[in-house]
Amino acid sequence: MFKNFIRILKFAFTDFLRNKGISLAAIFVLVVTVMLATCLLFFWGASDYLLLQIQNKIDITAYFKEEIQEQDIILVKDKISKSSFVKEVEYISKDQALEDFKRKYGENEVLAKALFEVGGNPFLPSLNIKTDGNPEQFKEVSDILAGENFAELIEKVDFSEKKDIINTVFSIRSSITKTGLVLGFVLIVIAIMVVFNTIKLTVSSLKEEISTMKIVGATNWFIRGPFIIQGAIYGFIAFVICFIISMMGFHFLSDKIYTILPGFNSFKYFISNIWIFILVQIIFGVGVGVISSFFAVRRHLKV
Amino acid sequence: MIKFNNVTKIFEPDLTVLQDINFEANKGEFVCIVGKSGAGKTTLINLILGLEKPTSGEIFLDGKNINAINNSDLQKIRRNIGGIHQDYKLLSNKTVFENVSYIMEVEGKDQEEITEQVPKILDIVGLSERFDRFPNELSGGEQQRLAVARALINNPEIILADEPTGNLDPYNSYEVIQLLEKMNQLGKTIILSSHDREVVNKLQKRVITLDQGKIIRDEEQGRYII
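Heads up: the sequence lines are chains A and B, in that order. Per the working numbering, the first sequence starts with residue 1, numbered consecutively. Per the working numbering, the second sequence starts with residue 304, numbered consecutively.
Quick caveat, the hints were computed from the structure, so don't treat them as lab data. Take every hint as true, because none was put in to throw you off.
Covered stretches of chain A (chain B as the covering partner; in silico rule of three or more C-beta atoms under 8 angstroms from a C-beta of chain B):
#1 15-28
#2 201-210
#3 214-226
Keep in mind the model is a prediction, meaning the values are calculated, not measured. Each residue gets a CB set at the ideal place from its N, CA and C atoms; glycine is no exception.
Construct the entire structure; sequences and hints are all you get.
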């Protein structure tokens, strides 16, 4: 068994080196497939990051009645914080809200004049609540705040005003995910078909050889083994090439991507997800190479 | 050892290549199959190897119906047959040495034995200077001799030789036939298909004559008569 395995390995490496043209063609198409899978994975990650950034900017603000004491608001804050889907709750006092407004719009004369006309501090104390961004969760938080316990403390919750934006962002995110998956799937299937047909052509050129091997009594695995190992070698080399290309690509394009997607460092993203990238590249490289070889040889073994 | 029982082979749609073939070749027998081109000699050899299936009838090898056995058993039987084919059936991607050693590797022989035996057989067929050449770098005669070396290397019980002297000069033909005779003397069963009158007549072995897919003569110590 072990002796046979060593022989199969020897045949695979010898044939790989002897048929350089065929090997290069197979590696080339595998590199294209693996790079396609890598790019799809990267774009999926980048778009997810972008939408999460937008989603994180969306929050619910509960404005409390003017006469409500700070300790009561803090009590509400503590209760809300306990909900599993609430990520962050920030208390903004009347004074803080005024300060924020001045800092933000202080230079705008019209707004400053309006504030002066109103006189005093027109702002209400509030709680700023952030969730994971799911519209259902926003609705739940909104329902809790509007419930019996808090209704008498709260002046208004601005959920309904933001509801449309939240739903739009969420639906964009889910449709990008769905479209990306479908588009990615179609592209990957096409790429796999190209790889399969290239390997099929290379194996077909050796069909007489395969038939001779059968005639002299070789078992199916003894014949098939070297082709499968060659498929794995093609895939592994394609993986190494793609890994180097993607690492260098993400490193050198990092600045350009940063200008398109502020805050997103492509190289850091690649490094922090390196095992996923390696896994995807190996699956698409070695996996596709091996499976294609397996099926390409199978049809010639019926001698 | 080899038994044909009412074997008929028809290639679609209606080309009858062999018709009602009945014969038996015993262990250690040397049988020449003769006939004109297209008489069905190669098809008969292919049927023994399981490369073709009979349209009707049965073929037995050591009592086993080779068309009723599974793939694994068929491969075991093939490993015990040394085939010399008209079109050589060499492994074009392997060197002369590897073409012969592959047969031993298929059999699971040890590397030391391979390293020892392969040069010997290549020396016998006169290819000791061509170890590293590929089949397409050999002449027709050299390719045929390589096919002979490959058929003999595993010391098989049956040797099927389909026109093994077809591309050889008289001297090399004589060498190959001598090798086959020697194997026969060692108790191996030889089925030789040939249309070389001189070779067949010189052998003075059993001759089965095929004509238009039928056995028209089966003689012990026969002669090439068509």
